[in-house]
Amino acid sequence: MRPISYLFPVALVGIAMLLPHPAASQEFKPSKQIETVVHTGPGGGSDLFARAIAEMLQKEKLISQRMQVVNKSGGGPAVAMAYLAEKKGDTHTVGFYTGVWVTNPLTTVEATVTLKDLTPITRLVLEPAVIAVKADSPYKTVKDFIEAAKKNPKQLNQSGGTILSRDNLMRMLLQKATGAQWNFISFPSGGERLSNLLGGHVQMMVIEPQEAGEQIRAGNLRVIATLTEKRLASLPNVPTIKEQGIDVPLIPQARGMLLPPAAPKEVVAYWEGVFDAFVKTPTWKQYVDQNQFEDAYLKGAALNKFLDALKDQMREVLKEAGAKVIR
Amino acid sequence: MDALGNLLLGFSVALAPVNLFWCFVGVVLGTVVGVLPGLGPAATIAMLLPLTLKMDHTTAIITLAGIFYGARYGGSTTSILLNMPGESSSVATCLDGYQMARNGRAGAALGISAIASFIAGTVGVLGLMLISPPLARFALRFAPPEYFALMVLGLAMVVFLAGDSMVKALLALFVGLWLATIGTDLFTAESRFTFGQAKLLGGVDFIAATVGIFAVGEVLMNLQSRSGGEIIKLPRGLKNLLPTLQDLKDCRFAFVNGSLIGFFVGALPGAGATVASFLSYGLEKAVSRHPEKFGTGVIEGVAAPEGANNADAGGALVPLLTLGIPGGNTTAILLGGLILWGYKPGPLLIQEHPELFWGLVASMYVGNVLLLVLNLPLVPLFAQILRLPNYVLHPFIIGISVVGVYSVNNSLFDVWMMALFGLLGYLMRKLDFPAAALILGLVLGDVLERALRQSLMMSQGDLAIFVNRPISATLLAIAVVLLCLPALRWIRAWRADAVEREG
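From first to last, the protein sequence lines stand for chains A and B. Mapped onto numbering that gives the first Met the number 0, the consecutive letters of the first sequence carry residue numbers 0 to 326. Mapped onto numbering that gives the first Met the number 0, the consecutive letters of the second sequence carry residue numbers 0 to 502.
No wet-lab data here; the hints were simulated from the structure. One thing to keep in mind: the hints can contain errors.
[Said to hold, decoys possible] Partial list, derived from the structure: chain B residues whose beta carbon lies under 7 Å from chain A:
(1) LEU35
(2) ALA188
(3) ASN328
[Said to hold, decoys possible] Covered stretches of chain A, going by a simulated chain B footprint (3 or more residues, C-beta under 8 Å):
(4) 39-50
(5) 72-78
(6) 104-113
(7) 158-172
(8) 184-193
(9) 214-225
[Claimed, not checked] Subject to a maximum C-alpha distance of 30 Å in a straight line, what follows is the list of computed DSS-like cross-link-like pairs (lysine-lysine):
(10) B:LYS53 x A:LYS31
(11) A:LYS279 x B:LYS343
(12) A:LYS241 x A:LYS139
(13) A:LYS58 x B:LYS53
(14) A:LYS28 x B:LYS343
(15) A:LYS284 x B:LYS343
(16) A:LYS241 x A:LYS28
(17) B:LYS53 x A:LYS139
(18) A:LYS264 x A:LYS60
(19) B:LYS53 x A:LYS133
(20) B:LYS343 x A:LYS58
(21) A:LYS284 x A:LYS304
(22) A:LYS279 x B:LYS53
(23) B:LYS343 x A:LYS60
(24) A:LYS323 x A:LYS284
(25) A:LYS284 x B:LYS53
(26) A:LYS153 x A:LYS318
(27) B:LYS343 x A:LYS229
(28) B:LYS53 x A:LYS60
Just so it is clear, the structure is predicted and the values come from calculations on it, not from any experiment. Each residue gets a CB set at the ideal place from its N, CA and C atoms; glycine is no exception.
Next up, chain A with everything else stripped away, as it sits in the complex (with noise of 0.2 Å):
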């Protein structure tokens, strides 16, 4: 591995030498390995997508330096943002956050750290849902699924995270506009959600689309609904939580990129110049839509404004949850 990583660098140098600069490359440049934090261990969804930016910014040759990811897992994000968070001022470390970064802290005392009080670079994607059921469920639209948990009050079962995850938050707002119940389990890992749906211990999931997507595609699984604004173009077929008459707010899930506390301006200026220019890339579209995400491309003001209406919304949505908001 090690030949490699010495490999790497010297040869991106020399090709960057040759390509016209992002725009503000002039005032700073990385001059070394970029230590890349994310929350999740290695295979988990953050570590997956911080991978593959970092791949894709070195095939692009938009950055000099290897991006190394470093996996800071425990507590949802709350070691990596207290790490992140010691690196106060480093003009080397970035760090890839999601909306879960947004309502941690909101809710765990030792979850010092806000997002605030690191540098939000970059909204990239937004992630869409669906509302998925077995295929040989009788659960045709959302409609039937409620009326049959009114008929059976807390008997049907939805897998999903944590209670703070959004599919755990769609599913108390979804009960509050339509008086329905039913129970939340709880699973740490993803392959379990979709195997106790597919084995029909539970029998209603909120997935990603990508997820579904060949679970669809071999016939065993069936989407009921999208909790998007929009049909999603890879389900056509399939209408919106709001064409079925449900009118609840839709939970962005958002990915995006971030420095250490008190990022100098330079630095910032920089990062920002990488992803104007990565953005318009035909990787990055090709990426996008093979991962059926909403590409979301924030910056500045624009993100700033995002995130704090994203706070104001999750800490509402997190009380009518009933979790104890202590920020």
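With chain A's structure known, arrange chain B on it following the hints.
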């Protein structure tokens, strides 16, 4: 015939020089990362993923899978020689492996672990090849109640891990169960026993705890002995460094046990190799004719868990390749890799890309042979490490422990945890508490608690859910029988005693 034709296709892929070369690279790398604690196969595969983009896709998965199952071979080496598990799946191997090394049978232990790994690894691939789709469907029947029953069965094994005192074993077990609850609670997202420490939100790191209790605790214990220069006796001559025919005979059942338990537990997305290795160790002890000797260095106690963690590698690929469902970290990365290479992992993968599946299967047969050929000659070499006098060996063990534990999460906090657990391990040895029982609690506690709460959420608090379901009822019944076995033995002993007195 169909499978045979496909397998021939697979071998034509796997035996292509380039694939053979990369399979070799994969298994060598796997062995290396397996030997040392810390950097595991998941992190290694994640690091190498970008490099595989330039490879043929089948070659890429052959390489990465080689790392995955190769690491299981390597994991036993430090367990046996230094009482330091290289991977969490080789913790159970420490129990008898290290004692064998102390008895001068390090070579036999290392040898049998390579042979058991080979046999079980091959059985795992056979299973993957022949019964993947039906097994994957069967594994889907495992819901939380079944997992709970499986974990109870695992805990019942504590009866067999107990030394002289059942009370001490149970105490150690409960401390282990408690340690497993530290961190963020999955269901309520609240923190438990973190003492305000953000670094404890993720729970106690398993590697830090086991390396501390086993390796560091052992070193501390040895510091007490005045004979600083004493070395473990190691027979000379190659013949004495490998298992004997009698050893192989003794392990007949262990091979079967390890292969089957490892493969089936591996196919369950929520269990994992560590659970599999403890279950097969427990079963081996339960059916043994001399259970009291376990923990003092019996060779079956090495063969069973080592077999199980290798067969698990084959089992873990079942849900990944037939359903697109990863069971653990490493398979999740392989799934990420498949997507990155442009495949659509899911129920249709094998059908649409037979060359990928069959190439991989064939390469795993080849890889297992390579690993055996690679590992057996290394046995005498590795065993030489025990020739080092204690004043060299002990600092060496502490050094590797610190580096290994640090490299898991790049966290100095974990190193301090290891030191703390080292102290605990020392005290437990001193006071004669079985460390294995504590580790068992730590391994199984997490899944046990989770499965119990999930089950009760599904049943609205009705305990009948555990006995109304056939699989969970069966597993629980076996656990009850296991728990009653020692009682039966006592009764028999008491009756024999009574008869003697009367006669």
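Going through the hints against the structure:
1. LEU35: 14 Å, violated
2. ALA188: Constraint on ALA188 of chain B satisfied, holds at 5 Å.
3. ASN328: Result: holds, 5 Å to nearest chain A Cβ.
4. 39-50: The restraint on the region 39-50 of chain A holds, since 7 of its residues have a Cβ under 8 Å from chain B and three suffice.
5. 72-78: holds (count 6)
6. 104-113: holds (count 6)
7. 158-172: With 3 residues close enough to chain B, the hint holds.
8. 184-193: holds (count 9)
9. 214-225: Coverage by chain B holds here, the residue count being 4 at a Cβ distance below 8 Å.
10. B:LYS53 x A:LYS31: 24 Å, holds
11. A:LYS279 x B:LYS343: 25 Å, holds
12. A:LYS241 x A:LYS139: Given pair LYS241 of chain A, LYS139 of chain A holds - Cα atoms ~16 Å apart, limit 30 Å.
13. A:LYS58 x B:LYS53: Answer holds: LYS58 of chain A to LYS53 of chain B is near 11 Å, not above 30 Å.
14. A:LYS28 x B:LYS343: Not OK: LYS28 of chain A and LYS343 of chain B at ~37 Å, beyond 30 Å, violated.
15. A:LYS284 x B:LYS343: 18 Å, holds
16. A:LYS241 x A:LYS28: Violated, at about 47 Å.
17. B:LYS53 x A:LYS139: 44 Å, violated
18. A:LYS264 x A:LYS60: 23 Å, holds
19. B:LYS53 x A:LYS133: 38 Å, violated
20. B:LYS343 x A:LYS58: Holds, at roughly 22 Å.
21. A:LYS284 x A:LYS304: Roughly 25 Å separates the two Cα atoms, so the pair holds.
22. A:LYS279 x B:LYS53: Since the Cα atoms of LYS279 of chain A and LYS53 of chain B sit roughly 24 Å apart, the hinted pair holds (cutoff 30 Å).
23. B:LYS343 x A:LYS60: 27 Å, holds
24. A:LYS323 x A:LYS284: 40 Å, violated
25. A:LYS284 x B:LYS53: Holds, at roughly 20 Å.
26. A:LYS153 x A:LYS318: 21 Å, holds
27. B:LYS343 x A:LYS229: With Cα atoms ~25 Å apart, LYS343 of chain B and LYS229 of chain A stay inside 30 Å; holds.
28. B:LYS53 x A:LYS60: Measuring from Cα to Cα gives roughly 16 Å; hence the hint holds.
Violated hints, in rising order: 1, 14, 16, 17, 19 and 24; the structure is consistent with all others.
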